[in-house]
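S.K.: Each chain, letter by letter, is given below.
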Amino acid sequence: MNTAPELPEKTRERFKELRGLADRAEAGDAEARRKLRKALHESSPEVVARAADIARTGQRVLISTAAGKDLVVEEALLVRLDLMRAEIAGENPTPLEELLTERIVSLWLLVETLDTLMSVQLCPDLPPEKRAPISYLRHVFRWQESVSRRYLAALKTLAQVRKLQSNTPDRQYNTQINLR
Amino acid sequence: MVREYVGTGAIGKTIALDDELKRLQKEEEVPRWREERECLEQSAAFLQPLAKVAEVLTRAHLLADGCHRPKGQWRRRREHRA
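Taken in sequence, the protein lines are chains F and C. Going from the first sequence to this note's numbering is simple: count from 1 and add 40. Going from the second sequence to this note's numbering is simple: count from 1 and add 373.
For the record, the hints were derived by calculation from the structure and aren't laboratory data. All C-beta atoms in this analysis are idealised placements derived from N, C-alpha and C, irrespective of residue type, glycine included. Don't take every hint at face value.
[Unchecked claim] Here are the simulated PhoX-like pairs of lysine-lysine, each with C-alpha atoms no more than 20 Å apart in a straight line:
no., chain 1, residue 1, chain 2, residue 2
1, F, K203, C, K395
2, C, K395, F, K196
3, F, K56, F, K78
4, F, K196, C, K425
5, C, K444, F, K170
6, F, K170, F, K196
7, C, K444, F, K50
8, F, K170, F, K109
9, F, K170, C, K425
10, F, K78, F, K109
11, F, K75, F, K56
12, C, K399, F, K56
[Claimed, not checked] Incomplete in silico selection of chain F near chain C, CB under 8 Å:
no., residue
13, E53
14, R59
15, L80
16, I94
17, A95
18, V119
19, L123
20, P133
21, A172
22, P173
23, I174
24, F181
25, S206
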């Protein structure tokens, strides 16, 4: 059952257009690259804002699932996400940095939720009637691995985007000093 | 399946009943854990569209900025000097 929230129709159209232009630009079409620059300037903030909206709504749903109706935990997680968001995005983030930050924060939340779930199940004091079957734990463990990988990849992508979009020269100068 | 001889008579019957009870408890637990898993997966479903948008927009921004990925790794294009 796929219950993933979706972008509004208009935003999806714009997103499709951006994807098509990116495909052509990557294949070496110079005209598509120019069009892509223009289309990004016009529609990227809207697409980013809508996707960030989805992320925030999703985070709230995941928080209430993870907190298990404990309002204090729920509030603590919301504050923690806000702090993380501010720390990762930094001052004056670009729309793309904001989007990648939302992705990192969402994946962190899921990593934490799954880690907590596993650590509770691995606790030796847990009564047998509350122990999950091995098949369920195996599924959670696989999921945990995949989410951790995606979390690290998202962090790497943000670092890469910052490096490439900053005006750091791509040439490296090494200075060698011979002491003898 | 492992068969184990535990005895006959009253002791055998008691152990068989205990086995049956454990089996029923296990059967009852399966839908509960399945429900729990589905609930968690539904809560995390928003990550799919988010990942898709983030990947495509990152690619679009980097391409528009003049980057390329010749061997899967994003790099800035060399500037050609006259």
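S.K.: Now tell me if each hint is right for this structure.
M.R.: Outcome of the hint check:
Pair hint F/K203 plus C/K395 does not hold up; C-alpha atoms about 58 Å apart against a cutoff of 20 Å. Between C/K395 and F/K196, the direct Cα distance comes to roughly 48 Å. Violation of the 20 Å bound is thereby established for this hinted pair. As the CA atoms of F/K56 and F/K78 are separated by approximately 15 Å, the hinted pair is consistent with the 20 Å bound. Restraint check for F/K196 and C/K425: the C-alpha separation of about 16 Å stays at or below 20 Å, so the hint holds.
The straight-line distance between the Cα atoms of C/K444 and F/K170 is roughly 49 Å, outside the 20 Å bound, and the hint therefore fails. At roughly 38 Å between alpha-carbon atoms, F/K170 and F/K196 are farther apart than 20 Å, so this suggested pair is violated. With a CA separation close to 34 Å, the supplied pair C/K444 and F/K50 exceeds the 20 Å bound. For the proposed pair F/K170 and F/K109, the alpha carbon gap of about 18 Å is at most 20 Å, so the pair holds.
For the proposed pair F/K170 and C/K425, the alpha carbon gap of about 37 Å is over 20 Å, so the pair is violated. A hinted pair counts as satisfied when its Cα atoms are at most 20 Å apart, and F/K78 with F/K109 does not qualify at roughly 46 Å. A C-alpha spacing of about 14 Å is found between F/K75 and F/K56, which places the hinted pair at or below 20 Å, so the restraint holds. Taking the CA atoms of C/K399 and F/K56, the gap is about 47 Å. The hint is violated against a cut of 20 Å.
Taking 8 Å as the C-beta cut-off, the interface hint given for F/E53 is violated, the closest approach to chain C being about 13 Å. Nearest Cβ of chain C to the Cβ of F/R59: about 5 Å, under the 8 Å cut. The hint holds. The beta carbon of F/L80 is positioned within 8 Å of a beta carbon in chain C (closest approach about 5 Å), and the interface hint is therefore held. Given the 8 Å rule on beta carbons, the hint for F/I94 holds: about 5 Å separates it from the nearest Cβ of chain C.
At about 5 Å, the closest approach between the beta carbon of F/A95 and any beta carbon in chain C falls short of 8 Å, and the interface hint on this residue holds. The beta carbon of F/V119 comes no nearer than 19 Å to any beta carbon in chain C, farther than 8 Å, and the hint placing it at the interface is violated. Using the Cβ-Cβ criterion of 8 Å, the hint placing F/L123 at the interface with chain C is not satisfied: the shortest such distance is roughly 20 Å. With a least beta-carbon distance of about 13 Å to chain C, the hint placing F/P133 at the interface is violated under the 8 Å criterion.
Among the interface hints, the one on F/A172 holds; its C-beta lies about 6 Å from the nearest C-beta in chain C, closer than the 8 Å criterion. Annotation: F/P173 was flagged as interfacial toward chain C, and the flag holds, the nearest CB pair being 6 Å apart, inside 8 Å. The criterion of a C-beta within 8 Å of any C-beta in chain C is not met by F/I174, whose closest approach is roughly 11 Å, and the hint is violated. Given hint, F/F181 at the interface with chain C, is violated; its Cβ is 12 Å from that chain's nearest Cβ, farther than 8 Å.
At its closest, the beta carbon of F/S206 sits 11 Å from a beta carbon of chain C; the interface hint therefore is violated under the 8 Å criterion.
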